[in-house]
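Participant: Okay, here's what each chain looks like letter by letter:
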Amino acid sequence: MSGKILLEHIDVPGINTFDTYRKMGGYRSVEKALKTMSPEDVVEEVKKSGMRGRGGAGFPTGMKWSFLAKPVGVPRYLVCNADESEPGTFKDRYLMEKIPHGLIEGMITSSYALGANTSYIYIRGEYFYILRILEKAIAEAYANGFLGKNILGSGYDLDLYVHPGAGAYICGEETALLESLEGKRGNPRVKPPFPAIAGLYACPTVVNNVETIAAIAPIVNMGGDEYAKIGIGRSTGTKLISASGHINNPGIYEIELGLPVEEFIYSDKYCGGIKNNKKLKAVVAGGSSVPILPANLILKTANNEERLMSYESLSDGGFVSGTMLGSGGFIVYDEDSCIVRNTWNFARFYHHESCGQCSPCREGTGWMEKVLHRIEYGHGKLSDIDLLVEVSKKIEGNTICPLGDAAAWPVASAIRHFREEFEWHIKEATLSQSRNFGLLAAHPALVK
Amino acid sequence: MADKIKVTIDGQSVEVEPGTTILNAARQIGGDIVPPAMCYYSKLKGSGGKCRTCLVKVAQGSEKDPRPMPKLVASCQTQVMDGMVVENTTSPEVLEARKGVVEMLLINHPLDCPVCDQAGECDLQNLSFEHGASNSRYEFERRTFDKVDIGDKIQLHMNRCILCYRCVYTADQITEGRVHGVLNRGDQSEISTYISAAIDNDFSGNVIDVCPVGALTDKTFRFKNRVWFTKPVDAHRDCDHEKCSGKVVLWYKGEDVLRVTARKDQYGEVESFICNTCRFEKKATADWTIEGPRKIEDTSVISSNHYEMAHPLPIIEKNEVLIEANKKMFHKKIK
Ligand SMILES: Cc1cc2nc3c(=O)[nH]c(=O)nc-3n(C[C@H](O)[C@H](O)[C@H](O)COP(=O)(O)O)c2cc1C
Ligand code: SF4
Ligand code: SF4
Ligand code: FES
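As given, the protein sequences belong to chains A and B, one line each in that order.
Under numbering that gives the first Met the number 0, the residue at position 53 of the first sequence is numbered 52, and the numbers go up by one with no gaps.
Under numbering that gives the first Met the number 0, the residue at position 244 of the second sequence is numbered 243, and the numbers go up by one with no gaps.
Among the hints, a few may not be true.
To be verified - Restraint ranges, calculated between C-beta atoms of paired labels, are given here:
#: 1; chain 1: B; residue 1: K98; chain 2: A; residue 2: F318; range: 17 to 27 Å
#: 2; chain 1: B; residue 1: R141; chain 2: A; residue 2: F318; range: 27 to 37 Å
#: 3; chain 1: B; residue 1: L182; chain 2: A; residue 2: K380; range: 50 to 60 Å
#: 4; chain 1: B; residue 1: Q187; chain 2: A; residue 2: F318; range: 23 to 33 Å
#: 5; chain 1: A; residue 1: K228; chain 2: B; residue 2: R141; range: 56 to 66 Å
What the hints assert, rightly or not - Here are the simulated EDC-like cross-link-like pairs (lysine to aspartate or glutamate), alpha carbons at most 20 Å apart as the crow flies:
#: 6; chain 1: B; residue 1: K98; chain 2: A; residue 2: D40
#: 7; chain 1: A; residue 1: K380; chain 2: B; residue 2: E138
#: 8; chain 1: B; residue 1: K98; chain 2: A; residue 2: E389
#: 9; chain 1: A; residue 1: K380; chain 2: B; residue 2: E280
#: 10; chain 1: A; residue 1: K31; chain 2: A; residue 2: D18
#: 11; chain 1: A; residue 1: K183; chain 2: B; residue 2: E175
#: 12; chain 1: B; residue 1: K70; chain 2: A; residue 2: D404
#: 13; chain 1: B; residue 1: K44; chain 2: A; residue 2: D158
#: 14; chain 1: B; residue 1: K282; chain 2: B; residue 2: D239
#: 15; chain 1: B; residue 1: K70; chain 2: A; residue 2: E389
#: 16; chain 1: B; residue 1: K223; chain 2: B; residue 2: E280
#: 17; chain 1: A; residue 1: K22; chain 2: A; residue 2: E7
#: 18; chain 1: A; residue 1: K392; chain 2: B; residue 2: E138
#: 19; chain 1: B; residue 1: K98; chain 2: A; residue 2: D385
Worth flagging that the hints you see were computed from the coordinates, not collected in a lab.
For every residue, glycine included, the Cβ atom is placed at its ideal position computed from N, Cα and C.
The whole structure should be built from the sequences, with the hints applied where relevant.
Facilitator: This is the structure:
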């Protein structure tokens, strides 16, 4: 295997057009599925592939699909979650911008498997130019008989629409997304009922991430069993990683799951090591909401085993010494980075993005941001550190949607692993201010 | 009809219809084990799930699957299963979480009880008295909004709002043509009307009654008096509005009816909605058939008569946050 599945043809000129995409073998999965397979066969292949949702929670896609209710006479929907707003994550954007037909092919094959005749791509408002790209590609697919009535003479009909959001992170949460798609305020719904039972317009609905849906085409082409051979253990297949921060080669990498984290950071094939030959201080491995880990714990687990880029290995040690693969937003911090400042920045984001329904999240996110701001700007008190931990605990697990957890985890984990840096920040307010302008010499002892 | 199912809450068992929520099962048992509910409203579809004061622990999921639920759940949203075991007041975890929720509800609350028309019949005041900490750890400026008149009868005091969404559901389900909703998000969310349009239809006054705090108040009553100085009396009239029950409470001061409201049950929910004519226009005793004094729980400050501006409510005397707030407001007033 060349190692690349989703991005195999990324460098082919004109791959964004229907003709080139088709020439490179595109839309084969639609032909295979519609002509030779039943919808149940497709679901079966996806189950066999073991692929887990790429949107963050990592729920096995085949299983999710098999939960879809199928009452007679009620339409079912497939909705693609292209809201991608988690800080540090920018892979769906790349995929849709460069290979729009990859997503559309996946949407057709998946919609067929789920028995949906109308499907939606809900895209974040800031990606408006990608909406144009997708609409052009959809028009090409209609023109070539891959969308619309009686696709490839199979009797299967599908209409596909792209719908832009209005710039709210919370509309990436699947039920808030559905509310927004219905034209309502994007507040997450209380679950149950889950979308598989009552989703869009109260009909059975599957919501999947862009990368998840794009991977359906290769899974159908190669067969679920083949796909399951890629990767490691229950982390099958490849994953797009958005690498950013203090590395030599920031960008999007398609990796086979199971790649050692150390290799990912230091190999020239991937991140190419830490910028300016500095030392690695910490990593946020799966987008801003997952716990931050210090260098020693991201490279090796607490049991001194090599840490791998896989769902299981990254979460080894639970939240005490592990983290999560999440959406694959891999943010690297060098020895000069200020963990307090970074934590404040994340807290500011979640404060800004809370929908405001649940009292703990609405009020707690703002409270944490204000306390962190005070610490960062030199007015903190030592008791603030425990206060932050307590406020984060009051939010975690007590809210309607996981945004509350996503806001609590970065704060709790930063204090768990970098408490002495918070203390130093408070006690040495002036020094910490100068360190934050790049003067490492102010306090080198803090680098782990 | 399907068989009844059994649920045990804080050691007390009850048999309920399938589909009943934990909260409603607890209400069937009654007493101290009933979780407080600030946003759920049995008469409003879709309400609940937001305030998180009703969180409880499910120690056993059901007879068939006895595993506990991993997180605390909102009792107003979670349906009971046969053999479910729930812990409310017996769970330290629940009490701790609830204390946290109350603290969150109060950090941005103005605590202007001394000048708030809702004082004495405010669910938040009662809740913080029972579950709140005595000190606020919040040291930042509280969020403030301007007061808005929504129509000539209703005033919105957004600072006090806890975003329970009850008024939104009321406007949506009880009145015709909803013109009000929630703007913005997070802690900047605010109840608002469409470009400050007046809420103007013949059922709009009900948003005042469903509001658990003093965010929506009756302008025809504003500052006329403290509720505990008024005498509540049950009365009815033959209202010709087909949706209005005509069953109300008249709030008397001496000979005058200062205020008309719907009747509320022990959980603070109105028994039946009333129209604006009954609420705002009928303020003469002659308009009504008097039924007798309204029963008010002994614990309610409404039943206490010894309150003066300089001698705060009993509820305020016992709670340090409220004592502080009271002092401040008092000084502001006499300045
Ligand atoms: C606050 C919040 C934001 C989210 N944002 C996104 C997002 O931008 N894109 C996405 O695919 N999933 C997002 N999710 C996860 C979705 O709720 C859902 O789990 C996912 O779309 C399911 O797709 P998958 O099974 O293919 O991973 C978000 C979840 C939360 C709680
Ligand atoms: S946890 Fe936060 S974002 Fe999620 S529903 Fe509650 S208030 Fe909204
Ligand atoms: S104004 Fe009152 S009823 Fe409306 S959301 Fe706020 S607290 Fe609830
Ligand atoms: S009453 Fe249940 S969450 Fe508010």
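Participant: For each hint, tell me whether it holds in the structure or not.
Facilitator: Hints, verified against the model:
| no. | hint | result |
| --- | --- | --- |
| 1 | B/K98 - A/F318: 17 to 27 Å | 23 Å, holds |
| 2 | B/R141 - A/F318: 27 to 37 Å | 33 Å, holds |
| 3 | B/L182 - A/K380: 50 to 60 Å | 35 Å, violated |
| 4 | B/Q187 - A/F318: 23 to 33 Å | 30 Å, holds |
| 5 | A/K228 - B/R141: 56 to 66 Å | 59 Å, holds |
| 6 | B/K98 - A/D40 | 52 Å, violated |
| 7 | A/K380 - B/E138 | 12 Å, holds |
| 8 | B/K98 - A/E389 | 12 Å, holds |
| 9 | A/K380 - B/E280 | 56 Å, violated |
| 10 | A/K31 - A/D18 | 19 Å, holds |
| 11 | A/K183 - B/E175 | 19 Å, holds |
| 12 | B/K70 - A/D404 | 12 Å, holds |
| 13 | B/K44 - A/D158 | 33 Å, violated |
| 14 | B/K282 - B/D239 | 17 Å, holds |
| 15 | B/K70 - A/E389 | 17 Å, holds |
| 16 | B/K223 - B/E280 | 16 Å, holds |
| 17 | A/K22 - A/E7 | 14 Å, holds |
| 18 | A/K392 - B/E138 | 19 Å, holds |
| 19 | B/K98 - A/D385 | 17 Å, holds |
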